[in-house]
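First to last, the sequence lines map onto chains A and B. If you read the first sequence in the numbering used here, its first letter stands for residue 1, the second for the next number, and so on. If you read the second sequence in the numbering used here, its first letter stands for residue 1001, the second for the next number, and so on.
Just to be clear, a hint being listed does not mean it is correct.
[Stated by the list, open to error] Listed below are several chain A residues computed to face chain B (Cβ distance under 7 Å; list not exhaustive): (1) VAL16; (2) ALA47; (3) ILE49; (4) GLU50; (5) THR51; (6) THR130; (7) ASP131; (8) LEU132; (9) GLY133.
[Said to hold, decoys possible] Below, in silico cross-link-like pairs of lysine to any residue (SDA-like), each with a Cα-Cα straight-line distance of 25 Å or less: (10) B:LYS1100 x B:GLU1339; (11) A:LYS19 x B:LEU1337; (12) A:LYS27 x B:LEU1337; (13) B:LYS1054 x B:GLU1352; (14) A:LYS2 x B:LEU1337.
Worth flagging that the hints you see were computed from the coordinates, not collected in a lab. Quick reminder that beta carbons are idealized off the backbone N, C-alpha and C, glycines included.
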Amino acid sequence: MKTIVIGVIGADVHAVGNKIIEYTLTKSGYNVVNIGVLSSQEDFINAAIETDADMIMVSSLYGHGEIDCRGIRDKCIESGIEDILLYVGGNIVVGKQDFSEVKKKFLEMGFNRVYPPGISIDEAINDIKTDLGE
Amino acid sequence: MANYLLIDFGSTFTKLCAVDTEKYEILGTSADFTTVETDINDGYQRALTKLFHKIGKKIEFEQIVACSSAAGGLKMAAIGLVKELTVEAAKRVCLGAGAKVDLVFSHHLNQSEIEQIIEKKIDIILLAGGSDGGNSEAVIHNADKLGKAGIKIPIVYAGNKSAQDRINEIFKEYSMNGHICENVMPAINVLNITSAREKIREIFLKQIIEAKGIKKIESQISQVILPTPSAVLEAAKLLSEGYLDEEGLGEIVVVDIGGATTDLYSICGSSKRSDVIIQGLEEPFAKRTVEGDLGMRYSAPGIVKSLSEREINYINKDKGVDIVNEVNRRYNDVKLLPENTHDEFIDQFLAEMCAYRAMHRHCGRITEVLTPMGKVFNQVGKDLSEVNYVIGTGGVIINSKKQYEILRQTTNILNNPTELRPNDPDFLIDNEYIMAAMGLLSKIKPMVALKIMKKHISHIRSNQYETSK
């Protein structure tokens, strides 16, 4: 069974979507490690190391996603989990910015998949299946 | 006849406590120097003679049980994977089992770490790493490394269950002294103490006691059942929770300031508030922390070490002492007993520093986080603010003329809102130094142990409490 670490990054306490993601992924047959809200980059990485996770899925709903996520790929490399898949989604930037620009920025930061606001987890499931090979 | 003799073979003193389990009474207590280097029996016999002298006659005992922290106590190395997760979990298990955690390692072990394990004469290694189904590569590497190095001391494996079979093979391959038990952290931030702790205690009884020269006395006594700190933890738990229809005291904190360490025990949940978000590894309900750099004699220099030069100068000027000189004097003469008011004053001051610092490290923290959704509270560690009682034990507190001042240091005297220290506890004193003994008794006769503790652990001497408050 593939393991996915999920959580809400930064000073963000949006807990509802986090629970929906946990529910959906578990139902789809993944081992979900939910580290909850107010999580730091290190919390995600530590959990991924201990659980030997295949993917880290970062949620950010309050607009500060860019600042909170910067450098997470570098830290993964330093921590020996350089090959882990990184997903991010939610309201990852403030206001109505052109999403293609936002996506480019996050891909450059080392994320494998970047989702715009309004996408539900069900829509991401296919990507997850493709990427994890199941 | 229902007389029990409870013995605590401490690093410095062998302490005896005789109780009548039918009348719920302490018959007498006595102490003499521990003689583990020669024959542990010598010190024991001397203490026993003193005890009979106090009671006024020789009495027979139905059972004689002992706990021990002699010959350096139980020295352990805690090995895990990530510092904040399995390393921390492993450390807490060792402390909960009454051990001294001399070495803490994370990720892959290297040669110099292996050498430290040998050099420091570690008694037991706790090897953890990986949640169940998680990382097994690191623990397997570490077990292999320990095997190749020819480590023959007991190793308790309490890591990822998926790696258990492979670990077992490694144990066999190198004919190591390996023991398998449940994972200390089966899932992220979930703490599972019991299985590994019981295994450590079992090994302590079967193998360590003998190596510490305590076996010599086995013909004289019924059994040695616990490392001393774990006896105190058992006593604190019983006193807090109560037994059957005999009520306990509720949430408590125990402060034990010794010559080499300051131990803190808290028996309470991690939080009662619903408006905080708790982060980090789950906290044990009965938690013990040990500060190896805070103590009255062996570790006295540690108290000053963390101070800046400016702070030291301030203390010297403010109190009219040479604090560095005083701690070194205590370090060089660990048997020093205060002879005059000056010595008493210094010991009092050092004890206050130990209590303050130890609580600073034991208690949880709360921070305000400003979010677009308003202010939220983020808590790490245990919230002790609602604790009912702070109990003092250990020679320096028991003998102090200002017990209140020492115990008060565990509360929030500096009004730091981020530290979750006890808010307004009542202060109790273990005047007759019976907590370790009662922890032992609690394993055999919990009701008796509880009733005796409730009777003998008394309020702080009233006059000093009133005047200070």
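The hints, checked one at a time:
With its C-beta approaching chain B no nearer than about 12 Å, VAL16 of chain A sits outside the 7 Å limit, and its interface hint is violated. Interface restraint check: ALA47 of chain A against chain B, minimum CB-CB distance 5 Å, threshold 7 Å, status holds. Taking 7 Å as the C-beta contact cut-off toward chain B, the hint placing ILE49 of chain A at the interface holds, the least distance being around 5 Å. This hint holds: GLU50 of chain A has a C-beta 5 Å from the nearest C-beta of chain B, less than the 7 Å allowed.
Interface hint status for THR51 of chain A: upheld, as the beta-carbon distance to the closest one in chain B is roughly 4 Å, under 7 Å. With 7 Å as the threshold, the beta carbon of THR130 of chain A stays out of range of chain B, its nearest partner Cβ sitting at about 23 Å, so the hint is violated. A cut of 7 Å between beta carbons decides the hint on ASP131 of chain A: the least distance to chain B is about 20 Å, and the hint is violated. Checking LEU132 of chain A against chain B: minimum C-beta separation of about 16 Å lies over 7 Å; hint violated.
For the restraint placing GLY133 of chain A at the interface with chain B, the shortest Cβ-Cβ distance is roughly 18 Å, beyond the 7 Å limit, so the hint is violated. Restraint check: the Cα-Cα separation between LYS1100 of chain B and GLU1339 of chain B comes to about 31 Å, which exceeds 25 Å; the hinted pair is violated. Our distance criterion of 25 Å between C-alpha atoms is broken by LYS19 of chain A and LEU1337 of chain B, whose separation comes to about 60 Å. At roughly 67 Å between alpha-carbon atoms, LYS27 of chain A and LEU1337 of chain B are farther apart than 25 Å, so this suggested pair is violated.
At most 25 Å may separate the alpha-carbon atoms for a hinted pair to count; LYS1054 of chain B and GLU1352 of chain B exceed this at roughly 33 Å. This hinted pair does not check out: LYS2 of chain A and LEU1337 of chain B have alpha carbons roughly 63 Å apart, beyond 25 Å.
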